[in-house]
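K.L.:
Chains as they are written, first to last, in this note's numbering: chain A, 1 to 521; chain B, 1001 to 1307.
For the record, the hints were derived by calculation from the structure and aren't laboratory data.
Hints may contain errors.
Calculated from the model, a selection of chain B residues having no Cβ within reach of chain A, i.e. all distances over 12 Å [what the hints assert, rightly or not]:
(1) 1008
(2) 1060
(3) 1152
(4) 1161
(5) 1167
(6) 1260
Now the stretches of chain A that chain B is said to cover, found in silico as 3 or more residues with beta-carbon under 8 Å [said to hold, decoys possible]:
(7) 80-91
(8) 100-111
(9) 160-170
(10) 324-338
Distance condition first, Cα-Cα at most 25 Å in a straight line; then the derived DMTMM-like pairs of lysine to aspartate or glutamate [what the hints assert, rightly or not]:
(11) 1012(B) with 135(A)
(12) 150(A) with 1268(B)
(13) 105(A) with 1187(B)
(14) 1164(B) with 275(A)
(15) 1164(B) with 133(A)
(16) 1124(B) with 148(A)
(17) 289(A) with 275(A)
(18) 1164(B) with 148(A)
C-beta: ideal position from N, C-alpha, C; glycine also.
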Amino acid sequence: MAEKRTDAHPDSLASHQNVALLMRDITKVFPGVVANDKVTFELKVGEVHALLGENGAGKTTLMNILYGLYQADSGEIYLYGKRVRIRSPRDAIRHRIGMVHQHFKLVPRHTVAENVVLGLDGAPFLAPARAVEDEILQLGERYGLKVDPKAYIWQLSAGEQQRVEIIKALVRGADILILDEPTSVLTPQEVEELFKILARMREEGHSVIFITHKLDEVMEVSDRVTVMRRGKVVATLSTADVNKPTLAKMMVGREVVFRLKKVACERGQEALVVEDLWALSDRGLPALKGISFSVCRGEILGIAGVAGNGQKELVEVITGLRRATRGKVFVLGDEVTNENPRRIADKGVAHIPEERLKRGIVPEMSVAENLILKRHHRSPFCHGFFLNLRAVKRFAHHAIEEYAIMTPGPDTPAKLLSGGNIQRLILARELSGEPALVIAAHPTYGLDVGATEQIRQILLEQRRRGAAILLISEDLEELMSLADRIAVIFEGEIMGEVSPEAATLEEIGLMMAGEKRRVRR
Amino acid sequence: MGWESWIIDTLKRALAYGTPLLWGTLGEIYAERAGVVNLGVEGMMILGALSAFAVAQSTGNPWLGILAASVVGGFAALIHAFFSVTLRANQYVSGLALTIFGLGLSGLLGTSWVGISLKNPLPKATIPGLERIPILGEALFRDHSYLTYIGIVLAVVLWFVLYKTRWGIAIRSVGESPSTADAMGIDVFAVQYLCVIFGGILAGVAGGFLSVEYRPAWTEGMTAGMGWIVIALTIFAAWDPLQAVGGVVLFGALYHLAYRLQAWFPPEFLKLMPYAFAILVLAVAGLRKVKRGAPASLGVPYVRGQR
Ligand SMILES: Nc1ncnc2c1ncn2[C@@H]1O[C@H](COP(=O)(O)OP(=O)(O)O)[C@@H](O)[C@H]1O
Ligand SMILES: [Mg+2]
């Protein structure tokens, strides 16, 4: 990098000795969306700087530009007052920038040490993994990042994997550390630990960029906060000078009232009963180990837990997408264990799947076609071998209106819709025909505040109508405000059940980490 | 014939027939460890066989023939790397095309070389000392091609590189998770290109072995499906260079036994063997879920920043 001194940013912002990073007027356009629109972002030496914004605000894009994964269309980056060009992660690492991605960049089948040493400059050619083991242990001591260098990544919990990611950055001498939504995979206790680590890093002189969409976290860890909305920076403020409502308003662009109309409901007939359910994961290891519960009409049973503790397998077994190796599933009193998915759906089971794009829609097919996917084989949508296109159109128009799906028309390919609208499409399809049981897996994950509110409202409306709802979510606040009962799952077992009125976040957090408690009825 | 000479004979033949399979499999293991399937092995081998024969016959030096084969094999693999890594074409289609191209081109260019037998094929060597071990010495260390010995040493070296060195970690990481390797500053394209080309060089040598040593002559289609056995052996060996040696010897022995039984079976049976073996290995691999050992990103082109 051959920067001339004259390239140095002249005005007051960067001439301050204590500015570690300045990104100025960064613009990045993806097909159909301006992800970053003249974004200016400043990081001081030794501060924890929160980057706050809703999903889709452009936070990850901005940081991927800083880390060299994307190239900005325009704009400049200054490090300690000097203009730099970052064309690849290699450049970023050389400039002592480290990034912990939201979806970890780790090779599951390799050991911790192998992951740490991958691509590390100066590692010996022979037995490189052994050479970093000591350093990993030392860093662990110094920052409170305990992890066994010889363990395989797939054996580690999400929290431990995150520590490996941080160690990777520290081994490379990162001064600037970017953490992209680091708390989304952690239990409340692990979050506390992470915050301690961050405090430790600040003491050691590192500058940290902390990406989040959670207001509490901003207030708790950051020195300053930059709020982004729809690709633009709304403001950069000192955390001491703001409060949560102000931040919320900046983030969403309007007043946010977190109010859900939850009316008392009568518990009806048992719609879903699960008895001693066992199943294997894709790797062939036990993922469900004797799960039992029931959900009645007119109630929402929430399943809390850190991702990867059997939630996915549970949903798949109930909906017929995965074989149960033992145990039974009953829907409305009839046994449906290991029945085929269509037969289970026809019993009145709606499924709002976790991977919207992969399992919720056929991305290349039109909105109208996606809307009838589940019932295309029945009247009025087909006559024998042929589809009744007029009925399909009519239904599509109706659904688009009722669920306020923003689409150019029923013939638009579903993949062109935004996340929130794809989810509305799925709800419109699944909830038509008044299902007795709704299985909702992470229904608001990755959606903006508006869509989230609306979808929660729809779920409550279904409950009022008398549907039984199984709600799987990592968002404890969502569970606390929607569910009538919350069961906590850990490593394929139910740790216990609590009522949202009586339980504290801490209690649930402990159960999410594997602590059993007596079931309280 | 006593049982000793029977064992010696079987092992000897297994190693000789297995040598090209070993070279080819070691190369394919490296390409696939970097995440690139190359179904063009058969094509690269046949091109290697023709160029080795042509150069060896013209210059009188079989080693120059092997060198030519490695260069041609490397270039053929470069084509595959360009399509599958740079253009991100479907790797299976690109590899199949390479095989068809190689078989066709070698047939076309090779017509004038048909029916000539090579003046001086590769010499054989005996390893002093080791050859005197009873039975095994005679089977493994006497009168084998240099390429057989080199191949086995190469397997050990490649195993070591893969599991015990920086390069190995980089290669394996690229095959498991290219986005991770990229984020850690590894040049994913460079690693994939190098591994695919390296695989091609080895496949070229494998073909060269056939035409300047095993059957020192050129015949159209003389690889006879060996490229497909290589693909199957790569899976059979669970992408491990040392296990490849075992797999190769096992298949070589099987092939030799089938050859011995020719008196009772129609000759088509022998021609069928490679393909039958490939299908069998894939079926067994499927049943035993060996596929779980496959590099996680095998066959998936990498695009930085794609979601
Ligand atoms: N690789 C990509 N290709 C196309 N669009 C993208 C890509 N990455 C991000 N986007 C779009 O850019 C916008 C900002 O995304 P992102 O930076 O991930 O937001 P955040 O991290 O704040 O949730 C979104 O509309 C997203 O769909
Ligand atoms: Mg993001």
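K.L.:
Could you run down the list of hints and mark each one as holding or not?
P.N.:
To see whether the hints hold, each was checked on the structure:
1. 1008: 38 Å, holds
2. 1060: Holds, because the least Cβ-Cβ distance between residue 1060(B) and chain A comes to about 40 Å, which exceeds 12 Å.
3. 1152: 22 Å, holds
4. 1161: Non-interface label on residue 1161(B) violated, nearest chain A Cβ at 10 Å vs cutoff 12 Å.
5. 1167: Given that some Cβ of chain A is not farther than 12 Å from that of residue 1167(B), nearest at about 8 Å, it is violated.
6. 1260: At about 40 Å from chain A, residue 1260(B) clears the 12 Å cut-off, so the statement holds.
7. 80-91: Three-residue rule met by the stretch 80-91 of chain A, so holds; n is 3.
8. 100-111: Coverage by chain B holds here, the residue count being 7 at a Cβ distance below 8 Å.
9. 160-170: violated (count 1)
10. 324-338: Result for this restraint: violated, n = 0.
11. 1012(B) with 135(A): 50 Å, violated
12. 150(A) with 1268(B): Violated: residue 150(A) and residue 1268(B) sit about 52 Å apart, past 25 Å.
13. 105(A) with 1187(B): 15 Å, holds
14. 1164(B) with 275(A): 48 Å, violated
15. 1164(B) with 133(A): Holds. Residue 1164(B) to residue 133(A) sits at ~15 Å (cutoff 25 Å).
16. 1124(B) with 148(A): Violated. Residue 1124(B) to residue 148(A) sits at ~51 Å, over the 25 Å cutoff.
17. 289(A) with 275(A): 11 Å, holds
18. 1164(B) with 148(A): Given pair residue 1164(B), residue 148(A) holds - Cα atoms ~19 Å apart, limit 25 Å.
In summary, the structure is inconsistent with hints 4, 5, 9, 10, 11, 12, 14 and 16 from the numbered list given earlier, while agreeing with the others.
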